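Colleague: What follows is the residue order along each chain.
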Amino acid sequence: DAKTTQPPSMDCAEGRAANLPCNHSTISGNEYVYWYRQIHSQGPQYIIHGLKNNETNEMASLIITEDRKSSTLILPHATLRDTAVYYCIVSNSGGSNYKLTFGKGTLLTVNP
Amino acid sequence: NAGVTQTPKFQVLKTGQSMTLQCAQDMNHEYMSWYRQDPGMGLRLIHYSVGAGITDQGEVPNGYNVSRSTTEDFPLRLLSAAPSQTSVYFCASSLRDRGAHGYTFGSGTRLTVV
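Residue numbers (our numbering), protein chains in the order written: chain A, 1 to 112; chain B, 1001 to 1114.
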């Protein structure tokens, strides 16, 4: 699986958009970008994933650059409950994809 | 639906003791995994299973055994606990056709080995 690089920490004001970057310059053509988050030492929670098109769901939006070497997770209106460690993971979503490789992630702190 | 249930939530062991961390899911998920998380680190894969009767090693398997006799259960055994195994352990499960975006994690077992 391709390696990812994320900033160790970021701050965001409550109600503003939080934009979390991720670099994955060695991503291969069949690898997806996944985002999970971990709130206060709970188990990680799936947020969103994508291959090359931008994706949006009820939690967030995922913007993937055209060359697929980087992506940005966007939380449109961050709340205090969004304070968490956010993990960007690149993995093959084929039939054998059952292993997630977590890095250290980005600690997002949402401030009142 | 209880999701992924891990027991116990907390455990203190003495060096050399053995124990089993329990993980059960009621979602009929084929994939199950065990991860450990040390302070300030991401999760590291210990063992995983793609179905009943099938297990394999992850990134950090030494000192741990697993078995998968049923779809629902995936226990993790510590054979002879060491202080280096002090960690938070997470179990996760997923449907085969959802793969990496379908994982549900348990709430974790906090293990201290003294």
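Just so you know, the hints here were simulated from the structure itself, not pulled from any lab data.
Among these hints, one or two may not hold up.
Which residues of chain A face chain B? A partial, calculated answer using Cβ under 8 angstroms [stated by the list, open to error]:
hint, residue
1, G15
2, Y34
3, S41
4, Q42
5, P44
6, Y46
7, H49
8, Y87
9, S91
10, G103
From a predicted model like this one, the values you see are computed outputs, not experimental measurements.
Every residue gets a Cβ at the ideal spot worked out from N, C-alpha and C, and that includes glycine.
Colleague: Taking the hints in turn, state whether each one holds.
Modeller: Hints and how they fare:
1. G15: This interface hint is violated because 28 angstroms lies over the 8 angstroms limit.
2. Y34: Since chain B brings a Cβ to about 5 angstroms from A/Y34, closer than 8 angstroms, the hint holds.
3. S41: Where the cut-off is 8 angstroms and the nearest Cβ of chain B is about 7 angstroms from A/S41, the hint holds.
4. Q42: holds, 6 angstroms
5. P44: At 5 angstroms from the nearest chain B Cβ, A/P44 passes the 8 angstroms test, so the hint holds.
6. Y46: This interface hint holds because 6 angstroms falls under the 8 angstroms limit.
7. H49: holds, 4 angstroms
8. Y87: holds, 6 angstroms
9. S91: holds, 5 angstroms
10. G103: holds, 5 angstroms
Hint compliance for this structure: hint 1 alone is broken.
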